[in-house]
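Note that the protein sequences, when read in sequence, are chains A and B.
Position in the first sequence counted from 1, then plus 979, gives you my numbering.
Number 116 in my numbering belongs to position 135 of the second sequence; there are no gaps in the numbering.
Quick caveat, the hints were computed from the structure, so don't treat them as lab data.
The reader is advised that the hints may include incorrect statements.
Derived DSBU-like pairs (lysine-lysine); straight-line CA-CA distance at most 30 Å [claimed, not checked]:
1. K140(B) x K95(B)
2. K95(B) x K1005(A)
3. K140(B) x K(-16)(B)
4. K1665(A) x K1688(A)
5. K1078(A) x K1688(A)
6. K(-16)(B) x K1005(A)
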Amino acid sequence: MCGSLWMRASYAPSALKLMTRTLTWKFLLRDWRSGELSILLMALVLAVCVVVGISGFVSRLQVALLSESARFLAADAVIVSRTELPEAWTNEAERLGLKTSASLGFPSMAVADIERMTLVSVKAVSAGYPLKGNLQWSVDPYGAVQSDGAIPLPGQIWLAPRLFSLLEVTSGETITVGERQLTISGAVRGEPDATTAVFGFGPRLLMHVADIPSTGVVQPGSRVEYRLLLGGEADVIGAFLEWLTPQLGQGQRVDSVTTSQPRIGDTLDRAQGFLLLAGSLAVVLATAAILLASRRFGERHTQYVAILKSLGAQSQEISRLYGSFLLVLGCLAILLGCTVGWAIQVGFIWALGSLLPTTPGPAGWEPLMMGAVTALVCLLFFAWPPLSRLADASPLHVLRAEVDIARMQRVRDLVLGGAAVVGLMWWYSGSAMVTFAVVAGLMVVTLLGMMIGRTLLAGGHSFGGFAGSIWRVALAGLQRRRRANSLQMVIFAIAIMLMLMLTVVRSSLISQWQAQLPPDVPNHFLLNLAPEQRGQLQTFFAQRDLQTETLYPMTRGRVMELNGAALPRWEEAETETAPRQREANFTWSDTQPAGNQLTAGEWWPADATEAWVSVEEGFARDIGASLGDQLTLRIGADSFTVAVRNIRRVDWQSMRPNFFMVFPRSVLAAYPGMYMTSFLLTPDRKNLLNELVRELPTVTVIELDIVIKEMRAVVDQVARALELVLGVILLAGALVLVAGVQSSLDGRLREAALLRALGASRGLLLGTLWIEFLVLGGLAGGLAGVGAEAATYALQTRVFDMTWTPTPLMWWLGPVIGAVVVGCLGVWSCRHVVRTPPVVLLRET
Amino acid sequence: MIKVNQLLKTVSTADGDLDILRGIDLEIAAGTSAAIVGASGSGKSTLLGLLAGMDVASGGEIMLDGEQLGNLDEDQRARVRAEKVGFVFQSFQLLPALTARENVMLPLELSGRKDAGDVANRLLGEVGLAGRLDHYPTTLSGGEQQRVAIARAFVSEPKILFADEPTGNLDTRTGERIIDLLFRLNAGAGTTLVLVTHDERLARRCDVRFAMDAGELRSLGA
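Assemble the whole structure, with the sequences as input and the hints as a guide.
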């Protein structure tokens, strides 16, 4: 006999390693050729592919949404100040390599001549504006829109389109602002920061910052907002803001989209949460695919190892062989998965093209790393344990087939693997709550699945005993493969649960966003309407068929004392959070305002005459007031005292008039104030504003139509992104279902072949398969419904800050989807059984 | 070559301990062929598994070509198998993912032989399968599969060949051809052959015969 491997092993370990490597490659190639290898490799590639594809796609969408949010600021960050900004700040920003652009805004009068003048909101910008997004303009008020990076040149101005008709001017004419005559050279058609840089209530007048000194409008004490726009890498901006923040004085702040436009910030935050959730689910789905595939691989290779051992292979060599095997397989899967996953996300972006909400950003390396780590973790915790135990397989298997399939995957492996997946999800989502919510759902599904496995599937046999032969065969099959079926059912349930959960969260997010901005939401506010003008306004609206909301009385007043003690003025307060005087618009109401929620105390009866007040909770915090406190207020020259009757929470994101202080009607009766209201004006009727301002020259109109339009655009874009990601996850889920069905194929094929050999008809076999898969799918779907409800509850209440409502649809949709999808997939996968002669099947199995 | 002394095998069942082998004594000289016959469930295959070092005895001693198997762990017994033992199984035990040629090459590859392919070709030629080298087991008949298994058993030139019901899955005529082949190769290689069978005709071709009955072995002579 020639020198054997085992003898030489003790003398030449390097030769042994070399041999093992050679054998590994041979085995890999042989398994690949026979199709055996493809089971695990495909699952691994699928896992890496799903993670890289989805996380890459999600990353690119995230970058796009982040840059979209920067567009609302016209910059990555903005320093806002009521006083002129120190030049040193700009210098420091530029020294760090940041792009800067200064702008300032203030309300002023635009004068065409003595007859034609109006209050405008002036914005003066400098070269480089905007740093993010586009400034849109046209030569004529409603002419072709241009977006070529131009801004008004010194000496020129651009006007909001309706100012042209209001002032009866055309391009080329001049307008006086302060002491300076400026030439009209265009119309402002769109500003990226229209929603965040609002200076006063009038229509926009855009000019160059170089002309400001010559207007003489900006004097010490003027109501001017200075803005320093910053653009650059997030870490550089972070470093600059770290340097700057301690130097910020009173009336100076750093703006982000979250603080300056909370609704858009909130929408983007939730969208990001959803995308991260989707990515985490991709990890779970990928893991499920690996778990199934490695289990099947392990089962199929037990006999393989027994033969190798009967031929003299040692445990250590088997371990080394399969270890190398997995390592090669893992590297191959990472390479293929990353390539295919990357191509998938590029393909998505390319195929979806115009459907994409914004221009997608770069994906970076993280998705590839995520895919690689997922593959390694899956291999280590799911694929390796059953394969490592192959080394312990007794060679006696070659004499007596006694493969213990159930022990291929042990509880300890699943617990360790589960912990690893939780770690991956946490790493990927960066949110303990997202991870917790998904894990809670998974736990519910797993525990219930195990219980069902132990009871229902076990009892199937006795039930089947009373049923017809198809049912008896089918239920006996379910009972016989109880353990494997339980695992398969749990995997099906997890895939369906994740799909249901994501669908529900996506639907509720979108419907909540849409509910906040219904089509008829008022988009203009009207202030400073004198009591005697109410009739005139109502006639104006009635003649033009316009609907208005309620007219709210409004009086400006100030909180002076709390429980008899004088409150300090704003600038006298010791700290930022110390109680202080505050000025606010007061109104009266007999009833609790719609959309307001009492957090303490109670509302007063309609005929109340007591000196009471209802205070908004944030305002109460600012002045240090709580329920029952006495507040001394001043309106004009008069002072009076009221008791805090209740504290209210106000939805500031609703487009309704909201007030800090609300009184019983009798309290404010003696203080005649002005009125305010809101109304909806469609873009085609925008010029009615000019008529309104001419007819009621003292009223002020706040135009929120652009803000609402932008918000709607964001919601639409984000909703579309969510739809796309949901589609990708559904696809991944479907692939896991296919893998799940495939995992049980060997045993089923063997049994079906035997039954056919014993004379079972195709009808009986098909019926049996249908029943088995329908029952499994239906049970899995039911479980999925329960798990999805649990996870959705946790997600909606803890992650998305939404109100949870049960989704009864899931409770019946889950079982139906499960039964139909798993049933069809299962029978389709086993179609081979009824088409191929039994003798061929028996030989193959 | 093989010496067994008071071999015991007991397994635990739900109804208590079950004695499968009850004090077996056996001696087979080098180069001879021995048949162990007996009804199904008599303990033949259990004895074969123990003799080949694939299972651990509950008591007694097995000496295989000078190696005391009871003193060896699983890996050491694997080394003994690799060096000294060949197998032919009732259910062939070919790896379905490998071709006939690759199945035969496997033991040589495990021992690091560079000429595994050539040797496998030669042996498959000897068993009459030169034209089936690249066929997978599922495309071969039962007789052809068993011939591949025999080629694989002899390829590493073992000192001892264990055959577990080698004709059990074959028809009479094919079985006879396989037996002819087995004995021809065995004679050529001078291998010690231990056959487990319930086929009396096959047993009669062996130099010595033993009968297994309810876990006890008795010699039937030459």
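Check your understanding: Taking 30 Å as the top limit, are the C-alpha atoms of K1078(A) and K1688(A) close enough?
Key -> Distance ~28 Å between K1078(A) and K1688(A) Cα, so the pair holds.
Review point. Is K95(B) within 30 Å of K1005(A), Cα to Cα?
Key: holds (13 Å)
Review point. When you check the alpha-carbon spacing of K140(B) and K95(B), does it fall within 30 Å?
Key: With Cα atoms ~21 Å apart, K140(B) and K95(B) stay inside 30 Å; holds.
Exercise for review: For the pair supplied as a hint, K140(B) and K(-16)(B), confirm whether the alpha-carbon distance does not exceed 30 Å.
Suggested key: holds (15 Å)
Exercise for review: Mind checking the alpha carbons of K(-16)(B) and K1005(A) for me, to see if they're no more than 30 Å apart?
Suggested key: violated (39 Å)
**Study point:** 30 Å limit on alpha-carbon distance, applied to hinted pair K1665(A) and K1688(A)
**Key:** holds (14 Å)
Checked against the numbered hints above, the structure breaks only hint 6 and satisfies the rest.
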